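Undergrad: Starting from the structure of chain A, add chain B with the ligands where the hints point.
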Amino acid sequence: MRTKLFFSEAFRSLSGNISTTVAATLTVLIGMFLLGMFIALGSWVLSWSDQVEGQLEVRVFFEQDATPNQINRVGDQLVALPQAESIAFVSSADALDRMEQEFPELVANLSSNPLPDAFEIKPGSASDVEVIAAALEPVPPGVESVTFPREVTERVREVASVIEFVFLAAAVILLIASTILIANTIRLSIFARRREIEVMKLVGASNWFVRGPFMLEGLICGLLGSISAIVLLFLGREFALPKLIPPAIGGDSGVSAWSFELVALIILGVGLLLGAAGAGITLRRFLRV
Amino acid sequence: MQDSIETSQAVLRPPDQAGVAEPPGESPGSQTPMIVFDDVTKVYEPSVVALEGASFTIETGEFAFLVGASGSGKSTLLRLILKELEPTSGRVIVGGRELGRLKKKLIPKLRRNVGCVFQDYKLLPRHTAYENVAYALKVQGIPRREIRQRVPEVLSMVGLAKKMSSFPTELSGGEQQRVSVARAVVNGPPLLICDEPTGNLDPDTSVGIMQLLYRINMLGTTVLMATHDREMVDKMRRRVIALERGQVVRDERRGGYRAIEE
Ligand SMILES: Nc1ncnc2c1ncn2[C@@H]1O[C@H](COP(=O)(O)OP(=O)(O)OP(=O)(O)O)[C@@H](O)[C@H]1O
Ligand SMILES: [Mg+2]
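Quick note, the sequences are listed as chains A and B, same order.
Counting along the first sequence from 1, when you hit position 180 you're at 180 in our numbering, and nothing is skipped either side.
Counting along the second sequence from 1, when you hit position 117 you're at 117 in our numbering, and nothing is skipped either side.
Keep in mind that the hints are not guaranteed to be accurate.
Short derived list, chain B residues pointing at chain A, Cβ under 10 Å [what the hints assert, rightly or not]:
#	residue
1	LYS105
2	ILE107
3	GLY115
4	CYS116
5	LYS138
Everything labelled a hint here was simulated from the structure, so no lab data went into it.
On a predicted model such as this, the values are computed, not experimentally measured, just so you know.
The beta-carbon is built from N, C-alpha and C at its ideal position, and this holds for glycine as well.
Chain A extracted, bound-state conformation (with noise of 0.2 Å):
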């Protein structure tokens, strides 16, 4: 009875002051569609750099004429490394046939066989791939080449990384943002309302009584601010991501963000959480009842 009572007032001077209601649910809106983003790209982002990470290997590549006891030099002292947790040997046939499985149509009219013998070295964390290439350098006799894909996932990472701060610096801007205009439309209410307020408490409201409809108008701002944007992010999802980002991608194996209903859940608390607060900041300053 006492929730019913809650809501109706709190929807009575939510009503009554419309245009400070609607900029501040507008302001939550934006600040968790933001936030929204930033956690899709920063899940996906990580996803894929895990992913990435666990593909990374350091190739040696050795000459056409390479003997096998330098081979062997090779791989012993690769053995010897403890950043290496895994080691391969390719042998050019292998390489060969690896090859024909995949590209077909490009193996098919070689006369002879141009892949060179090769070990392929896992290491155990991403930053032991640098470890592993500077051990053998320079390059031991026999080996032509030793390669490692640092450059390409240190770039994606680097415009990742901006990309992920100028989102969460926005999503916080504007929380902050939001969780003031909630305060100041509770403040709004509240001076609308004093003298009805004076009058509540000459009749018996307890504190909590008095306060209760106004912590209802913070977390209603909140949560209408929250709804919208997981609808917004929802109709984002399905309509405008498949265009700008072709499937190849988009459906990638093993690459994801987290779960849309995460995402949705977290946004869902976030933007209660901003209405409690703004409540709770006006509340304690201009509501000494």
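TA: Just chain B with the ligands now, kept in the frame of chain A:
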């Protein structure tokens, strides 16, 4: 046809004396006075002396009038009883509790036990007559079923059965005043303070409200009523406390509006 003020006794309930009236550890036999003013002075900033050295005691179950010219301090005195104001000096004791030492958390409890008819009605503008009266019950968590039963009863007692869903702006001054009366009495408080509850009423309605207050008093509620209604005071022959420029100038057990000049 206009609503008439109902006179059934059944609707009124005796006050819940467990509230304000009975302080813990009271020896049996000696009833605690309901209101004690002990040398109370109230100065409004910067220098309006509204009440000066007022001392009097009102026993539980009494019916007392508070009279005096406009600006003599009647409303100020009543507001001190609700702890809406703090005295500048002196002590106000209600139901055995000194209000100056009453914890903030207990103020709502005090006010639920002191029904008050305000001079300016103090109705909630966005609530109907019904909701205004119900609010006084809701604040103390009275079950919905009981509220739905009691509120219409009390509103018809003050002759507003047909105006229950009107908002204060849709009511005349006298009707708003009666809503205020209904709200003050709806939960059967041990103490009722009324600031000119008949100020805007025609003689007949006025008599009806007085009869209502009288019956409430008969059931055990202490009533303190500020008024300008000379005729009423003279007819009732009850206790009269007269204020003049903030001072208690007369306190008679069976007084009239004016002192008997001799
Ligand atoms: N909030 C206030 N601030 C300053 N002065 C006040 C305030 N309220 C009342 N006063 C002054 O205190 C004095 C007593 O006021 P009070 O309202 O108690 O009179 P009253 O006896 O109720 O008068 P009335 O019969 O007109 O209602 C008056 O001189 C008034 O101007
Ligand atoms: Mg007055």
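Undergrad: Does each hint hold? Answer for all of them.
TA: Taking the hints in turn, this is what the structure says about them:
1. LYS105: holds (8 Å)
2. ILE107: holds (8 Å)
3. GLY115: holds (9 Å)
4. CYS116: Holds - the Cβ of CYS116 of chain B comes within 10 Å of chain A, reaching about 7 Å at its closest.
5. LYS138: Check passed: Cβ of LYS138 of chain B comes within 6 Å of chain A, closer than 10 Å.
Checked against the numbered hints listed earlier, the structure breaks none of them; every hint is satisfied.
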